[in-house]
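K.L.:
Spelled out from the first residue to the last, the chains are:
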Amino acid sequence: MTSKISFFKLVRQEMGRFGWLLALQILVFWMLIPFRLLVMLTNRLDYLNTDRLSIFCQNMGFGQWENTFVILCFGIICALCGFEYLHSQVKLDFYYSLALKRDRLFAVKFVSSSLTFFIAYGSAQLLGAVIGIGFGAVSLKALGELLAASFIGCLYFLCSYSGALLAVMLTGKMLTSILAIGVFGLYLPMVKGILGMVQEIFMPASLSASLWGSSMEAFLRNTSPWAMCLFEQGSGDLGVTGMQPDAVSLVAIAGVTLVFMLVSLGLSRIRRTEAAGSAIAFSKLEPWIKLFLTIPMTFLAAMFCNQILENTAWELIFLLVFGVLSCMIMEFFYRWDIHQVTKHKLHMILTVGIAAVLFFGAQFDWIGYNTYLPDPEEIQSMSVLDYMNIVYEEKGQEGNDSDDSDSYNFYSDEISILDHLEMEDFSLIYRIAQDGVQHAKSWTSLPDTEVVKIKYHLKNGREVYRRYFTDTELFMDAMEELQKNPEYRELRYPILSWTEEEAGHYCCSVYASEYLFPTLPEEKREQVYLYDEDVEKIVKAYQKDLETISYRELYAGPTLEFCRVEEENTFAFSNYPVSAEMKRTVKALQEAVKNK
Amino acid sequence: MIQIENVTKRFDDLVALDQVSAQIPDGSIFGLVGTNGAGKSTLLRVAAGVLKPEDGCVKLDGEPIWENPERKAKICFLPDTVCFFANASIETMEKYYSTVYPGFDGTRFKDLVSQFGLDPKRKLAGFSKGMKKQVSVMLGICANTEYLFCDETFDGLDPVVRQAVKGLFASEILTRKFTPVIASHSLREIEDICDHVGLLHRGGVLFARDLDEMKLDLHKIQCVIPNPTLEKELLEELQVLKSEKRGSLLTIIVRGDHETVARKIQEKMPLFSEILPLTLEEIFISETEVAGYDIKNLIF
Numbered sequence: 001m002t003s004k005i006s007f008f009k010l011v012r013q014e015m016g017r018f019g020w021l022l023a024l025q026i027l028v029f030w031m032l033i034p035f036r037l038l039v040m041l042t043n044r045l046d047y048l049n050t051d052r053l054s055i056f057c058q059n060m061g062f063g064q065w066e067n068t069f070v071i072l073c074f075g076i077i078c079a080l081c082g083f084e085y086l087h088s089q090v091k092l093d094f095y096y097s098l099a100l101k102r103d104r105l106f107a108v109k110f111v112s113s114s115l116t117f118f119i120a121y122g123s124a125q126l127l128g129a130v131i132g133i134g135f136g137a138v139s140l141k142a143l144g145e146l147l148a149a150s151f152i153g154c155l156y157f158l159c160s161y162s163g164a165l166l167a168v169m170l171t172g173k174m175l176t177s178i179l180a181i182g183v184f185g186l187y188l189p190m191v192k193g194i195l196g197m198v199q200e201i202f203m204p205a206s207l208s209a210s211l212w213g214s215s216m217e218a219f220l221r222n223t224s225p226w227a228m229c230l231f232e233q234g235s236g237d238l239g240v241t242g243m244q245p246d247a248v249s250l251v252a253i254a255g256v257t258l259v260f261m262l263v264s265l266g267l268s269r270i271r272r273t274e275a276a277g278s279a280i281a282f283s284k285l286e287p288w289i290k291l292f293l294t295i296p297m298t299f300l301a302a303m304f305c306n307q308i309l310e311n312t313a314w315e316l317i318f319l320l321v322f323g324v325l326s327c328m329i330m331e332f333f334y335r336w337d338i339h340q341v342t343k344h345k346l347h348m349i350l351t352v353g354i355a356a357v358l359f360f361g362a363q364f365d366w367i368g369y370n371t372y373l374p375d376p377e378e379i380q381s382m383s384v385l386d387y388m389n390i391v392y393e394e395k396g397q398e399g400n401d402s403d404d405s406d407s408y409n410f411y412s413d414e415i416s417i418l419d420h421l422e423m424e425d426f427s428l429i430y431r432i433a434q435d436g437v438q439h440a441k442s443w444t445s446l447p448d449t450e451v452v453k454i455k456y457h458l459k460n461g462r463e464v465y466r467r468y469f470t471d472t473e474l475f476m477d478a479m480e481e482l483q484k485n486p487e488y489r490e491l492r493y494p495i496l497s498w499t500e501e502e503a504g505h506y507c508c509s510v511y512a513s514e515y516l517f518p519t520l521p522e523e524k525r526e527q528v529y530l531y532d533e534d535v536e537k538i539v540k541a542y543q544k545d546l547e548t549i550s551y552r553e554l555y556a557g558p559t560l561e562f563c564r565v566e567e568e569n570t571f572a573f574s575n576y577p578v579s580a581e582m583k584r585t586v587k588a589l590q591e592a593v594k595n596k
Numbered sequence: 001m002i003q004i005e006n007v008t009k010r011f012d013d014l015v016a017l018d019q020v021s022a023q024i025p026d027g028s029i030f031g032l033v034g035t036n037g038a039g040k041s042t043l044l045r046v047a048a049g050v051l052k053p054e055d056g057c058v059k060l061d062g063e064p065i066w067e068n069p070e071r072k073a074k075i076c077f078l079p080d081t082v083c084f085f086a087n088a089s090i091e092t093m094e095k096y097y098s099t100v101y102p103g104f105d106g107t108r109f110k111d112l113v114s115q116f117g118l119d120p121k122r123k124l125a126g127f128s129k130g131m132k133k134q135v136s137v138m139l140g141i142c143a144n145t146e147y148l149f150c151d152e153t154f155d156g157l158d159p160v161v162r163q164a165v166k167g168l169f170a171s172e173i174l175t176r177k178f179t180p181v182i183a184s185h186s187l188r189e190i191e192d193i194c195d196h197v198g199l200l201h202r203g204g205v206l207f208a209r210d211l212d213e214m215k216l217d218l219h220k221i222q223c224v225i226p227n228p229t230l231e232k233e234l235l236e237e238l239q240v241l242k243s244e245k246r247g248s249l250l251t252i253i254v255r256g257d258h259e260t261v262a263r264k265i266q267e268k269m270p271l272f273s274e275i276l277p278l279t280l281e282e283i284f285i286s287e288t289e290v291a292g293y294d295i296k297n298l299i300f
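Line by line, the protein sequences are chains A and B. Just so you know, the numbering used here puts the end of the first sequence at 596, numbered straight through with nothing missing. Just so you know, the numbering used here puts the end of the second sequence at 300, numbered straight through with nothing missing.
For reference, chain B alone in the conformation it holds in the complex:
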């Protein structure tokens, strides 16, 4: 498990991370989301041992990662711009990765390269951004490390490859000890792949939680209750995070047990009622508004 403990990172006057604490449980797919400049990349780089925090530390299995080769050997970091050497081909990078990641699975890599239809002898400088991303993901997966830190990895991948990569992640989780940590500015992009999510905003973690738990606990309800008194009673009885009324249609986001919420709505004799699944975006809006953040301006 990776523990991020009160990490503060400054770049001159800019506080990129301010007392950030979070946990990344093993075996999960952890999504790190936030706006541009929220500190996602910085947090990943601190966690990968690239940057030294001014305060706090990141621990892996109880030991600090910074300048700790044993712990760092369990991590592969794929930054937003992956380092490919000048004039290097896929084969060149494979050789290098097999040196620096002793557990590198060359056979699997060759299979993946073949499956993705990439030419292993072609120079990477001639590859498109998306193809380079594909190569970097393949290198990262085949490095066979327990943790794979991906910074904006899905950015540039076409939908088909994106699904394929998601499938690869799922397959890795099933077959070995594998915890990908994916940083992205897009909530929608990682909604269907991550099971744990951490939201960063202005250098601080708003929360880090299991996504399903959040979804089970939060509900979006659309209903029409003809009796205004009953409608008012409903809003008082439920733990409403957000409500909006357009004409007679009441839309509310509430926290609570699904059955209890459904029963209480039915008690108010609605003409129409529906409990809808929440998108990750809506969950964040709700949660962050509760936390006092004007999230509407943050998420897009």
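With the rest of the complex left out, here is chain A:
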């Protein structure tokens, strides 16, 4: 009977080989965490004008971007070092000849390389805690936060490790592994960016087309395991100092980590030994990977040409040249042989062909995206959103995404407002949409047109959102009619349904502008806050004005100011326009401000 190889002894041996990695991580983490904390606690306390507890938590608690970044970097480095044997035929000959199953070898390599991180990071956190305690900068809650932050750091490490490991498993060379990690991290943002550009440039009728309107964080989030960790936003609840992590995001990160790990383990079982030295370990994936990389690159080149030259012939030339060039670059990375860069001509043809179809398809709207207008028979309900619409802010706590159907954020959530304003009697809205489709290919504002957003809720359940320019007169007429509809008015102006008691729960603020208060001295022109009875009177006046005022009077006439109505003890507020025609409201506001 032959003795088995001891798992723990082997892990220890392997860790001995990673001594340099352990030393490097200890150096970096100790400098980053306890050393930095020590410096700040001893020298920068007065300068920072903050307490020790805050300094402790800012260094070691939740939401430490620098710590997260370094952790993610070491996740990649540890995975590359731990599994670099997969890229060496000599090492594979050795490891695979040992009396170990591949799963066990995988586990040995994973545990030994990960442990270097856990030791270094754990010791740095522990040392930081000791320093914090020594300076009296720690509370029980802060220690709890530190513990939780340490676990989250480990989760980020594993997430980063798993992403890099998958890249290593799929490739046969260190260089291509590193490139694959780059592709993992950047491919989806690139594709998302290209789609955003397509939407901005070729789909003027798309709603919320502005990709760049959203923040870069929101743009990058969930595009790779690293982005998930870096842009983990927190739940909105404060820890001692930093933002507490969002449990759902953490579960998602853990899920991604687990999936990547299991896929990597599965791949390690079926990965051919002879794949070492090849660019891609699974040769059947090679043509697909190439196509998935070269097509977006070629497409991007054509988009670039479109922006600078706006000439179809040149676009075609760009597609051809950059299609071939990207295939040659890709082939070079695969073969490392300049003589073989033109080997796969079919790849070039497919790249240019598919990129051309996608590009010209988008440019000339072959699918009829911009001119889409469903038959009225297919529509269940519609809604319209004009540029003058009331600003509905989110209800609930700051930073919380509320599901409350009465709460909206005008700028970021046009879709929610459109969903809210849906009407089954949609003939007037359909008329606006019909006119909008006529100008559907226009991206910039046309003379005598209004920008409107339309939603089609189809009978088959599909929801379609579009943005159009529509004739101003036609739009005003339609909206005038629509405003007369009580159902629409109630949907559009929630303030109409408020009772006196409800109104008492709100605070009203208005800027004391010269339009609203022409006689007010200049020094008193500021935001005025009104409460209780004042608010009740203003709301009552506004409700009455709304009953009688027409759409044209409300919006086409001069808007004096916006009246901000804010619910007490929440961050929810709505802005209502105060038109010059709203005599009762203007009077109520003037009286309230006068009495202040």
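These are computed hints drawn from the structure, not numbers from a lab. We put the CB at the ideal spot given by N, CA and C, even for glycine. Any given hint could turn out to be false.
Unchecked claim - With the Cβ distance kept under 8 Å, some of the chain A side facing chain B (calculated, not the full set):
| id | residue |
| --- | --- |
| 1 | Ile5 |
| 2 | Lys9 |
| 3 | Val90 |
| 4 | Lys91 |
| 5 | Asp93 |
| 6 | Phe94 |
| 7 | Ser97 |
| 8 | Arg102 |
| 9 | Leu105 |
| 10 | Arg271 |
| 11 | Glu274 |
| 12 | Thr312 |
| 13 | Arg525 |
As the list claims (entries may be wrong) - Counterexamples of contact, computed for chain B against chain A with all Cβ distances above 10 Å:
| id | residue |
| --- | --- |
| 14 | Ser21 |
| 15 | Gly37 |
| 16 | Gly49 |
| 17 | Lys52 |
| 18 | Lys72 |
| 19 | Asp111 |
| 20 | Phe178 |
| 21 | Asp210 |
Keeping the supplied structure of chain A fixed, place chain B upon it in accordance with the hints.
P.N.:
Showing chain B alone in chain A's frame:
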């Protein structure tokens, strides 16, 4: 016993091993010979469980070796380029081998290192190719596995060390259950150490047989028979694998019993006759020519 059963291994379009079958008997020194690219290393790597064959399997004591730690524990594989870790010394490798080969004989290893005059603390990166080979052979022997697969192990060893290593192999065979399998492109190199030989050519085994049996069965004869009729009769009576005549000197390689062959030659009243021992190279030439291979172009 190791049984190689219809093993096929492909590297993309290249068929490295094509339906290879052979047996490696226990207690023998098995030589695996063939030209460069014949598939020797591939066969060893398949047998060591490093490569998975597309078809067929290699069995050790009746069980497949692939992903079978119990069977693999009986094998130590020394590839052509041995894996020494970066910055590792002999001591470092000894520690690692003692972990991955639980039967590793550290005392013996230290003795061998000392006998070969190697510095155990010196980094292996500074060793010559031959010294690295010595270390790898010592590690392999001291791993105390039943089978030791050596790929081109003698390549780079000087003649003295080569003899010493051969002696080590012989000593191991005498003292414990030990079967070295040695792959080499050079027939002469392993002729005097192997007792069983397998010849690989273009991914197929031409034959695998006991070397002594082959030598006993094959004879190289040089003779001068003045009577052409008798000479012709001799060639007809003997099982001639190869014949060549230069002037009056007839050189033939024949298969058959030594006494019978000698008697038949004497019956033809030669002026001169001599039965010479065959080199491994000559045996292969003869055997492979019979098998239909133009071996002259293969062996050097």
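K.L.:
Does each hint fit the structure? Answer for all of them.
P.N.:
Status of the hints after comparison with the structure:
1. Ile5: holds (6 Å)
2. Lys9: holds (5 Å)
3. Val90: Since the shortest Cβ distance to chain B is 5 Å, the answer is holds.
4. Lys91: Holds, because the Cβ-Cβ distance from Lys91(A) to chain B comes to roughly 5 Å (cut-off 8 Å).
5. Asp93: holds (4 Å)
6. Phe94: holds (4 Å)
7. Ser97: holds (4 Å)
8. Arg102: holds (7 Å)
9. Leu105: Violated: closest Cβ of chain B sits about 10 Å from Leu105(A), beyond 8 Å.
10. Arg271: violated (10 Å)
11. Glu274: holds (6 Å)
12. Thr312: violated (42 Å)
13. Arg525: violated (74 Å)
14. Ser21: Holds, because the least Cβ-Cβ distance between Ser21(B) and chain A comes to about 22 Å, which exceeds 10 Å.
15. Gly37: holds (15 Å)
16. Gly49: violated (6 Å)
17. Lys52: Given a closest Cβ separation of 7 Å, the condition is violated.
18. Lys72: violated (4 Å)
19. Asp111: Holds, since 22 Å exceeds 10 Å.
20. Phe178: Phe178(B) clear of chain A: closest Cβ-Cβ about 14 Å, beyond 10 Å.
21. Asp210: The claim holds: Asp210(B) sits with its nearest Cβ about 27 Å from chain A, beyond 10 Å.
Hint compliance for this structure: hints 9, 10, 12, 13, 16, 17 and 18 are not met, and every other hint is.
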